[in-house]
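Trainee: Given next are the chains, with one letter for each unit.
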Amino acid sequence: MNHSISLTVNGARRDFVLDDPRVTLLDLLRERLQLTGTKKGCDRGQCGACTILVDGKRINSCLALAISHDGADILTIEGVARGDQLHPVQAAFIAHDGFQCGFCTPGQIMSAIGMMQEAQAGNDPERIRECMSGNLCRCGAYAGIVDAVLEAQTGMDESNQRRSA
Amino acid sequence: MKPFDYIRPATVAEAVAAAVQPGAVYLAAGTNLLDLMKGGVSRPDRLVDVTHLDGLDGIETLADGSLRIGTLVSNADLAHDANFAKSYPAVAEALLSGASAQLRNAATVGGNLLQRTRCAYFYDTASRCNKREAGLGCDARDGENRTHAVLGWSESCIATHPSDFCVPLLALDAVVEIEGRNGRREIALDALHRLPANTPERESALEPGDLVVAVRLPPAARGFATHARYLKVRERTSYAFAVVSAAAALRIENGKVAEARLALGGVAAKPWRARAAEDVLKGVTPTADAFQEAAWRALTDAKPSGDNAFKIELARRIVVRALTLAAAGTPARIPALPASPFASTSGAIHA
Amino acid sequence: MPELNLSSSPAHLRHGSNIGQPLTRRDGVLKVKGQATYAADNHPPGMLFAVMAVASIARGRVTSLDVAAAKRHPGVVDVMTPDHKPQLAIDPEIKTNPFVFRMEVLQSDEVRYANQPIAVVIAETLEAATEGAVLLAPRYETLPALVGLDAGESYVPPVVGVGNPTENHLGDVEAGLTAAEKQIDAIYETPPQYHNAMEPHAIVAAWNGDSLQIDMPTQGLMLSLARVAELFGIAHDKIHIRSPFLGGGFGSKGLMAGPPVLGIMAAKLVGKPVKLVLRREQMYGPVGHRAPTRQRLRIGTDGEGRLTALDHHARTVSSTFDDFYEPAADASHTLYASPAIRTSHDAVRVNTGTPLFMRAPGEATGSIALESAIDEMAWACGMDPLAFRLKNYAEVEPITGKPFSSKALRACYEQGAARFGWAKRSLQPRQMRDDAGLLVGWGMGTATFPALMFQAEARAVLRRDGSGAMEIGAHDMGQGAWTALAQIAADELGLDIDRVEFKAGSSDLPDAGIAGGSAHTATAGAAIHSAGAAVVAKLADLATNDERSPLFGAGNAGVIARDGRLIRRDDETRGESYVEILARAGVAEVEARGTGAPNPAAMEEYAMHAHGAVFAEVKVDPELGQVRVTRMVGAFAAGRIVNPHLVKSQLFGGMIWGMSFALHEEAITDRRSGRIMNANLGEYHIPVNADVPPLDVITVEEHDPHVNALGIKGVGEIGITGSAGAVANAVWHATGVRVRRFPIKIEELLTQR
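Protein chains in written order, with the working numbering: chain A, 1 to 165; chain B, 166 to 516; chain C, 517 to 1269.
Pulled out of the complex, with its shape left as it was, chain A reads as follows (with noise of 0.2 angstroms):
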């Protein structure tokens, strides 16, 4: 049975018509719209590579159906940088040497993202790594993330606060 559905992708709405309701988020942006920045590593919840945002909110693409997610507005690593301008944390994590081979990079960049609009971390390096921690890397980058992350949090508090002077 086919289905028609819609999704906001990276700011531009897809309306497209699903053939099989078992395709999940991340095997759709992969598979079918060939969004291959959103990496599958274990398609069970269990490492967040696939990590994007939906409705601005950070969840594992693999434990999603798309069908169920008609109507979201969906962000992937895709989306974060303006043409050659990088997000903070994408520049962060350069500067910060948070990966090595760079596999689980893009969820853990949208991971960061979504957890400084979540807004519980703050600075605090401590809940920075127990927030980031459904981020699996096995290469060991934890150290340059948690840094990224200080550094791009910090940079975001000081533009609020020159906004809000």
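Simulated from the structure, these hints should not be mistaken for lab results.
Do not rely on the hints blindly, as some may be mistaken.
To be verified - Here are the simulated DSBU-like cross-link-like pairs (lysine-lysine), alpha carbons at most 30 angstroms apart as the crow flies:
{"id": "1", "chain 1": "C", "residue 1": "K601", "chain 2": "B", "residue 2": "K203"}
{"id": "2", "chain 1": "A", "residue 1": "K57", "chain 2": "B", "residue 2": "K468"}
{"id": "3", "chain 1": "B", "residue 1": "K468", "chain 2": "C", "residue 2": "K784"}
{"id": "4", "chain 1": "C", "residue 1": "K784", "chain 2": "C", "residue 2": "K587"}
{"id": "5", "chain 1": "C", "residue 1": "K587", "chain 2": "B", "residue 2": "K203"}
Stated by the list, open to error - Covered stretches of chain B (chain C as the covering partner; in silico rule of three or more C-beta atoms under 8 angstroms from a C-beta of chain C):
{"id": "6", "stretch": "179-188"}
{"id": "7", "stretch": "219-229"}
{"id": "8", "stretch": "292-299"}
What the hints assert, rightly or not - Under 10 angstroms between C-beta atoms, here's a sample of chain C residues computed to sit facing chain A:
{"id": "9", "residue": "T553"}
{"id": "10", "residue": "N724"}
{"id": "11", "residue": "A896"}
{"id": "12", "residue": "Q1166"}
{"id": "13", "residue": "F1168"}
{"id": "14", "residue": "I1214"}
For clarity, every value in this text was computed on a predicted model and none was experimentally measured.
Every residue gets a Cβ at the ideal spot worked out from N, C-alpha and C, and that includes glycine.
The hints should help you fit chains B and C onto chain A, whose structure is shown.
Mentor: Same frame as chain A, now just chains B and C:
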């Protein structure tokens, strides 16, 4: 994943009617269901998607002081609701100690209540499991079972319930509201999950078509807000299921325990209320000795189901610690490492 | 694959010299934007999806597959089985060279381990292929599985690791033990571990007639290509493998395994491009792992704490059908001076996929046992663990008596201990607590890893427009080849790094050897060094033989290449740009090749190892037994550091692996079925962010003129060694409980309060 029909009902009544059919299951966020379907553990014919139903995602205080939490409220939204975290801090702490931020953003209240066991033999479809298929046998009983049940288990099943959320909910006498074929009814959370006995495949009191629509915390649950903790021992600092966990809540008046609530996680096929331990504490001064006595009572009936005798001693110690932490007072803010034994290293405890 | 657009943060660039600079990753922008193309990101037109069905028994044979049921599923195109598959050119059971391991590519219905591939379903969608594999509902004839370190009769393998002798002797160990004032005799166990790179093994294979295009993560492009060529009976030049990025390898993507071969077969069967990606649980079997070990260490010391004997025996396992033996006991060859050393191995066969190289194979397993035992021995002697190690410091390699090519381990001990504050450690265990009442323990371990070299070739080009190119089929699995090797290339070509087109990650480039053994930067770097020198020499020939050049008559040895110019060594005011030289000569470019290889004479003369000292602090809940590492300091001496930014990351990663070895990782095998019960990332625990404390790495200056032309020793694996033992020893120091079975579990630490 087996092909399935996808139904998106417009009303709760439509949902119930669609889910009554054999082979039908409800789909909420899917964080547990999709995992089970990908593993071949669950092969439903029909998914009834309740995520688009209206009116199931609210948190409301009722006239009598109860709190009603809609079944579709996400674990994260509930834990981060400031009023909720203030009134029911152990529940918020438990929620935030579960899974990962991503999963908590998706996973729902109702889904959390109904999540299935993490027993490896239940997940491994090549193993025998009475819970997965009645009468097949239990390969966990003589298998790799150091994390299995020490309370309420049977020869048919030694699996544990993995929820953190349910543990403090149970301690606080939560009630589950259910919409079914014959309309709405409610049962105590304690009556929702069943112990295995000879029918481990029947995990809950739900009948075909039953939809959990809300969880309610009774007015008395607020009385523990200043002395309530959840403590969870696990094999890595975060993103791991409990080896053993405990929720402890005290109402302290004039230096004495007016009322105690205690529940354990990771020890049985259901979250485990320790009423005998609660009774021991009633009216006593909250001292280490009293907590030791309570811990002893809580585990009186415990017995190992395999290579897991350590969990009994660990559970006793967790009970003592959880009570001690609760007596010391709820922290002003949920610690950086929620429910962790290492929580206190990163957040001052409210005296 | 789009053209790679690599760049590095210019803030860090220092003009004229690249080696030693902390450049950010040149592939960083691609990676943070999701534009780095990993194998499974490819999607050629008409591509189909292949999904493996794997065995749920560990031993026996498949008696039936419901192929019809699978084919009935909408979208399923074909099912590849032992009865229906393209024929290979050679029997995959034949080991054509020592780096060929046996694989299961549907050559029979035999099952030799759980998760072995038994069929492949090819479909138009991933969903259809996945369900098709389930519908095959295999039936089996099951035989009892061989499981564990006591599965059967033990035997002494002919070699361990890669050609290491099974046994080594120095002096008389029994006499040394008898004469000892103090002795320990302890048995340590390490579990099976799985690489679990974040990127599952994947292949996209496309045949075009008899040509084959492959996208696949590999740590060994040319080894893989050669294996594919012989299996499919096609010429090397008909095969092109692209592997620009690996999502982690750790040894599991070094050699051709069965699953990618199945992907190529599937593509051939259906005549269309095919993508085959392993599911996470399928990575626990056909793509290698670290074998479990049981190690007995007997150590004796004299009255002053000097070793009199060191006896290290390791039991390990291999598969029932092939041979790889974790050389764990060899860890005792290099670190501690002793008049008598014996190392030995034996093994049993079990129903498992063949164990293989996993980050520090042998070194890691051996190190945690040896460093624990040394700690136990120090305690038995009443000595501080660092003082004990210094007392037994090896001035020459103990097992061979060879001098070290360089060894700055003393400086590692000193600098690491100072940074950590080791001097304040209590000798007695269970003495230290923090403000919250948690037990605090400090432990240390010595790190070591051999400085290896393999074979590699590179091609260098200098062009008339002033740019250059360096081509080498090198592999970046996260260690930073795109950056570090480009830095070397820039220096060797005498060009700014942005003027060098650095090409890697493709099989149509010169063979860079294997990215393994912590030797890739050294090996590929040596080839780049030599290619660069050769092309500069050619350019110099053009200039010095041309009387119109200011360099005329300077001779080859008389010029140096810098900033795009050749300059007279004896008079730096006299020089000429590459552009001018090539323009006048009327040639578009000059090119040359160079090779990197081990130096047998130096190897004969010297023992070559990197060293380090790791210090760890753990906190342990005194009642609940949960452990958390709260601090780690590692000081490493590994020769020349090409890029300190990346090296620090590599060493951090190794230290985290060490922590993981001590506290987390373990594959749990059901002893009846032989199935791994935690073949996932939820219950096979690797550290999460919250497990990892602030880490501190010191790189100790070390100049080694012997290891290779660039003096590089490699840092990919050494971080695990030492670290695992340091964490384990810290747990002992915190609790007073010596756990000898790893990973350390909560129940071991539920002692009296």
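Trainee: None of the hints should be skipped; say for each whether it holds.
Mentor: Hint by hint, here is what the structure shows:
no.: 1; hint: K601(C) to K203(B); verdict: holds, 27 angstroms
no.: 2; hint: K57(A) to K468(B); verdict: violated, 43 angstroms
no.: 3; hint: K468(B) to K784(C); verdict: violated, 58 angstroms
no.: 4; hint: K784(C) to K587(C); verdict: holds, 18 angstroms
no.: 5; hint: K587(C) to K203(B); verdict: holds, 20 angstroms
no.: 6; hint: 179-188; verdict: violated (count 0)
no.: 7; hint: 219-229; verdict: violated (count 0)
no.: 8; hint: 292-299; verdict: violated (count 1)
no.: 9; hint: T553; verdict: holds, 8 angstroms
no.: 10; hint: N724; verdict: violated, 22 angstroms
no.: 11; hint: A896; verdict: violated, 34 angstroms
no.: 12; hint: Q1166; verdict: holds, 7 angstroms
no.: 13; hint: F1168; verdict: holds, 6 angstroms
no.: 14; hint: I1214; verdict: violated, 15 angstroms
Going through the hint list in order, the structure does not satisfy hints 2, 3, 6, 7, 8, 10, 11, 14.
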